[in-house]
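Chemist: Given the sequences, and given the hints that come with them, work out the whole structure.
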Amino acid sequence: MIRRLLLAVPVLLGVVFVVMLTIDYLPGDAVTLMLGEHATKDAVAKLREHLGLDKPFLVRYLDYVGRVARGDLGRSIQQNRPVAAELADAWPATLELTVAALVIATVAGIAAGVASAVWPNSLFDGLARLGSLFGLSMPIFWTGLVLIVVFSLWLNWLPVGGAGSLIHLVLPAVTLALPSVAMIARMTRSAVLDVLREDYVRTARAKGVGEFLVLARHALRNAFIPILTLLGLQSGQLMGGAVLTETVFAWPGLGRLMVKAIFARDYILLQGAVLVFALAFVIINLIVDLSYGLLDPRIGRQG
Amino acid sequence: MRSRVSRMLIGLLVLGLAVTLVPPVDAQKRGGTLTIVRPTDPVSLDPNLETTAPGAWVYFNMLEGLLTLDEKMQVKPALATSYEVMSPTKVRFKLRPGVKFHDGTPFNAAAVKFTFDRALKGSPPARWASLAGSLEGAEVVDDLTVDIVTREPYGPILRTLAMYCMGMVSPTAVQKMGADFSRAPVGTGPFKFVEWKTNTHVIIERNPDYWGDKALVDRVIFKVVPEEGARMIALQTGDADMVLFPSPAQLPALRKDPKFTVHETTGIRVVFAGLHAGQPPLDDVRVRQALLHAVDRKAILDNIMEGSAGPARGVLAPGVFGYKDMQLERLYPFDRARAKALLGQAGWMPGPDGVMTKGGQRLSLSWLAARGRYPKDGEITEAIQAMFKEVGVEAKVQILEWAAVFQQVRGATLNHHMFTLGWVTSNADADYSLYALFHSKQVPPTGWNTSRYANPKVDALVEQARRSLNQTEREKLYGEVQDIIAKEMVWIPVYTTKEIIAARAAVKGFNIHPVEYNLTLSKTWLEK
Chain A
1 MIRRLLLAVP VLLGVVFVVM LTIDYLPGDA VTLMLGEHAT KDAVAKLREH LGLDKPFLVR
61 YLDYVGRVAR GDLGRSIQQN RPVAAELADA WPATLELTVA ALVIATVAGI AAGVASAVWP
121 NSLFDGLARL GSLFGLSMPI FWTGLVLIVV FSLWLNWLPV GGAGSLIHLV LPAVTLALPS
181 VAMIARMTRS AVLDVLREDY VRTARAKGVG EFLVLARHAL RNAFIPILTL LGLQSGQLMG
241 GAVLTETVFA WPGLGRLMVK AIFARDYILL QGAVLVFALA FVIINLIVDL SYGLLDPRIG
301 RQG
Chain B
304 MRSRVSRMLI GLLVLGLAVT LVPPVDAQKR GGTLTIVRPT DPVSLDPNLE TTAPGAWVYF
364 NMLEGLLTLD EKMQVKPALA TSYEVMSPTK VRFKLRPGVK FHDGTPFNAA AVKFTFDRAL
424 KGSPPARWAS LAGSLEGAEV VDDLTVDIVT REPYGPILRT LAMYCMGMVS PTAVQKMGAD
484 FSRAPVGTGP FKFVEWKTNT HVIIERNPDY WGDKALVDRV IFKVVPEEGA RMIALQTGDA
544 DMVLFPSPAQ LPALRKDPKF TVHETTGIRV VFAGLHAGQP PLDDVRVRQA LLHAVDRKAI
604 LDNIMEGSAG PARGVLAPGV FGYKDMQLER LYPFDRARAK ALLGQAGWMP GPDGVMTKGG
664 QRLSLSWLAA RGRYPKDGEI TEAIQAMFKE VGVEAKVQIL EWAAVFQQVR GATLNHHMFT
724 LGWVTSNADA DYSLYALFHS KQVPPTGWNT SRYANPKVDA LVEQARRSLN QTEREKLYGE
784 VQDIIAKEMV WIPVYTTKEI IAARAAVKGF NIHPVEYNLT LSKTWLEK
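Going line by line, the protein sequences match chains A and B. Heads up: the first sequence at position 214 corresponds to 214 in the numbering used here, and the numbers run straight through without jumps. Heads up: the second sequence at position 457 corresponds to 760 in the numbering used here, and the numbers run straight through without jumps.
Honestly, the hints are just simulated from the structure, not real lab data. Possibly wrong hints are sitting among the right ones.
Simulated crosslink set (BS3-like; lysine-lysine; CA at most 30 Å straight-line) [unchecked claim]: (1) B:559 with B:416; (2) B:744 with A:46; (3) A:41 with B:760; (4) B:517 with B:562; (5) B:517 with B:500; (6) A:41 with B:744; (7) A:41 with B:517; (8) B:479 with A:46; (9) B:517 with B:831; (10) B:424 with B:379; (11) B:393 with A:46; (12) B:416 with B:379; (13) B:500 with B:744; (14) A:55 with B:424; (15) B:831 with A:41; (16) B:790 with B:779; (17) B:826 with B:811; (18) B:424 with A:41; (19) B:562 with B:379; (20) B:403 with B:479; (21) B:416 with A:46; (22) B:601 with B:559; (23) B:779 with A:46.
Modeler: Here you go:
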């Protein structure tokens, strides 16, 4: 466990390096963008120096890593505000959104998948498969807008956007969850179908175990390993999708913060935001790995 | 000394007290919350850190300058009541007595000096410092008298002081709050700060102790809605009273709907296709003139802009001080035959593939443009590219993200023949554009003469106009400059922006301003 956590350090160092290098090679410059069309040459040079942008890349990288190690994420270029404060403002909203979407995706996806597996090639199975194809192929920003038109403009049931109450969470969470629902449903269907053909399921049925218990205790538990792997990967997807969903629904989270930082070339803020995403991804993977052991005692804790 | 100088100069001008005549047509209603949606959150609410619209829209209602620019682009008194020109580099202002900042700090000459010292002598200086020309600072004369000093004679001083970002800040609040001031500014304006939730909303409320006509609504909420479609839906569902940056495609429908009002006026930004006149083939004035004749600007306005922009009548927009109609329609009518004839005079003859050639060289122009920085910038670039083709000119358009375009046009060398840009005369004074864009010493990165235009006559005229404090003389000099530039065009001016705001019809008393940043909400009221 501790070793796994320590392994995250080189991962994060690498992430920061790649991000900083990419920004360095991106055309566009934070200072000229910030000072705008009308800045003088002197003003630009002064601010560059003030921000340390005149130093070579490696010096800036080591400088940044050193400061992060001491717990200082720096100040954002645009707002001149501690990056930690900006991130603290934004991450709970993204967490709320991704967790809500993950719950919806898990519950709806597994339910639909199990139902499809139990009644394969039924009408429900056909509809579910068609629906998941739709969910997978439609871009999030488009589904989001369609849901806004239907539920906000026509039916007037839900607010157009913004955050605040649970009711604000419904549309963005559903939008974000849709592609994952589809993925999970498909994966669950095939995993459960596979397990249902296993000998131990036949044995259980032969023993006279009820169909519900067969599904819950024997089939689903064993089918859950691949589903869990997918859930781990999907939470990464969800965080990526949050960037789009947050924009469509005016959701004040990390994704929007990141987009803003990219357009302004606010590299300090961007690095901070990427670090949080990377850290979250590392932690989720750790949780997934650990829960394998809980589901299947045969998987030891070699990690 | 003083009287001699005064005689040489304009003399005393009294601005008079602001008297607002309220039209008795509608009975104004007090109270209510005005909800405004716009695409982005402010960078900051401190003008020292933020000169772009998302912040300016909010702080302009909380912080006031010595002077202000009204909707008719006239300089009006705000925190100053009168001024007197003392010397070519010094203007003396009398301050409005009895004004207090929102935190109770009295507004006086020391506060003016504090505001300018903080902005101009801070490290780094305010982001607007580069907009302020040779503004040097303020000197306290007595409690309610202050001298504004410039490094050299600076004709645009009044319009500069009337800019949206020249708001006075409370010295006690700045000292107490430090860096937090930028998220909760304290000024003297008709509204005061309540709350800013990053990427969600900013709330301001009516200042009950305002020195002038108090605001009519209780609160204003500025919400962030990045998606254009979602902004328009918010207006229709009633989630928003007012939309900044409405979707142009939906305006025709909104104009017809009695439930909504579309407020619009000519803006002060000119969007143009710039020509690099410092290198062949565009160093030949005949080639540049041919390109102007080749462009059907009316078709662009009608078919691409669809009523969301006005015609460009020159390099400046009509609301700007010193503007003169360049009569481009008369000088450069859309005429392909004339374009081809001019190219022929310059030695360019049709080649085998229809593109003009001269000495084995094809008339091929590389063109840098962004998409989405200015309304329809990518589309107009492509339209002109097609129009060029009709007269045998090939344009190789490279559309990049704005940050990348910006860096290249701001650089010391420009490896493109053309570029699509927009320019806003921020202080509404011709100096701001004619000097920075057309003086031969203002080539990037120093200034914005991206066209590499060089004419010693123009240099001399814009310098003279900058140093003069006689506004009549300045206007005449700028007229001459524009007459010269009109003959040697280094731009293809395409359109003048319109400022457009869509609102519910129940929003009354709102006057849209030609300067995008000047969003005045104190006279706005809600009819329930």
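Chemist: Each of the hints needs a verdict: does it hold here or not?
Modeler: We went through each hint and held it up to the structure:
1. Between the alpha carbons of residue 559 (chain B) and residue 416 (chain B) the distance comes to roughly 50 Å, so the proposed pair goes past 30 Å and is violated.
2. For the hint linking residue 744 (chain B) to residue 46 (chain A), the alpha-carbon distance of about 21 Å falls within 30 Å, and the restraint holds.
3. At most 30 Å may separate the alpha-carbon atoms for a hinted pair to count; residue 41 (chain A) and residue 760 (chain B) meet this at roughly 25 Å.
4. Using a Cα cut-off of 30 Å, the hinted pair residue 517 (chain B) and residue 562 (chain B) holds, with the two alpha carbons roughly 27 Å apart.
5. Restraint check: the Cα-Cα separation between residue 517 (chain B) and residue 500 (chain B) comes to about 26 Å, which is no more than 30 Å; the hinted pair holds.
6. Of the supplied pair hints, the one linking residue 41 (chain A) and residue 744 (chain B) holds, its CA atoms being roughly 13 Å apart against a limit of 30 Å.
7. Between residue 41 (chain A) and residue 517 (chain B) the alpha-carbon distance is near 42 Å, which puts this suggested pair outside the 30 Å criterion.
8. Taking the CA atoms of residue 479 (chain B) and residue 46 (chain A), the gap is near 27 Å; set against the 30 Å cutoff, the hint holds.
9. As the CA atoms of residue 517 (chain B) and residue 831 (chain B) are separated by approximately 20 Å, the hinted pair is consistent with the 30 Å bound.
10. For a cut-off of 30 Å, the pair hint linking residue 424 (chain B) to residue 379 (chain B) stands: about 27 Å separates their Cα positions.
11. For the given pair, residue 393 (chain B) sits about 28 Å from residue 46 (chain A) by alpha-carbon distance, which is consistent with the 30 Å threshold.
12. Annotation: proposed proximity of residue 416 (chain B) to residue 379 (chain B) holds, straight-line Cα distance about 21 Å (limit 30 Å).
13. Distance restraint check for residue 500 (chain B) and residue 744 (chain B): the Cα-Cα separation of roughly 45 Å exceeds the 30 Å cut-off, and the hinted pair is therefore not satisfied.
14. For the hint pairing residue 55 (chain A) with residue 424 (chain B), the CA-to-CA distance comes to about 25 Å; that is within 30 Å, so the pair holds.
15. Among the hinted pairs, residue 831 (chain B) with residue 41 (chain A) is inconsistent with the structure: their alpha-carbon atoms are about 51 Å apart, more than 30 Å.
16. For the suggested pair residue 790 (chain B) and residue 779 (chain B), the alpha carbons sit about 17 Å apart, so the restraint of at most 30 Å is met.
17. The straight-line distance between the Cα atoms of residue 826 (chain B) and residue 811 (chain B) is roughly 8 Å, inside the 30 Å bound, and the hint therefore holds.
18. For the hint pairing residue 424 (chain B) with residue 41 (chain A), the CA-to-CA distance comes to about 17 Å; that is within 30 Å, so the pair holds.
19. A C-alpha spacing of about 34 Å is found between residue 562 (chain B) and residue 379 (chain B), which places the hinted pair above 30 Å, so the restraint is violated.
20. A threshold of 30 Å between alpha carbons decides the hint, and for residue 403 (chain B) with residue 479 (chain B) the separation of about 17 Å falls inside it, so the pair holds.
21. Restraint check for residue 416 (chain B) and residue 46 (chain A): satisfied, since their Cα atoms lie roughly 23 Å apart, inside the 30 Å limit.
22. Only pairs whose Cα atoms come within 30 Å are accepted, and residue 601 (chain B) paired with residue 559 (chain B) is accepted, the gap being roughly 24 Å.
23. For the hint linking residue 779 (chain B) to residue 46 (chain A), the alpha-carbon distance of about 37 Å lies beyond 30 Å, and the restraint is violated.
Of the numbered hints given earlier, the model fails hints 1, 7, 13, 15, 19 and 23; all others are met.
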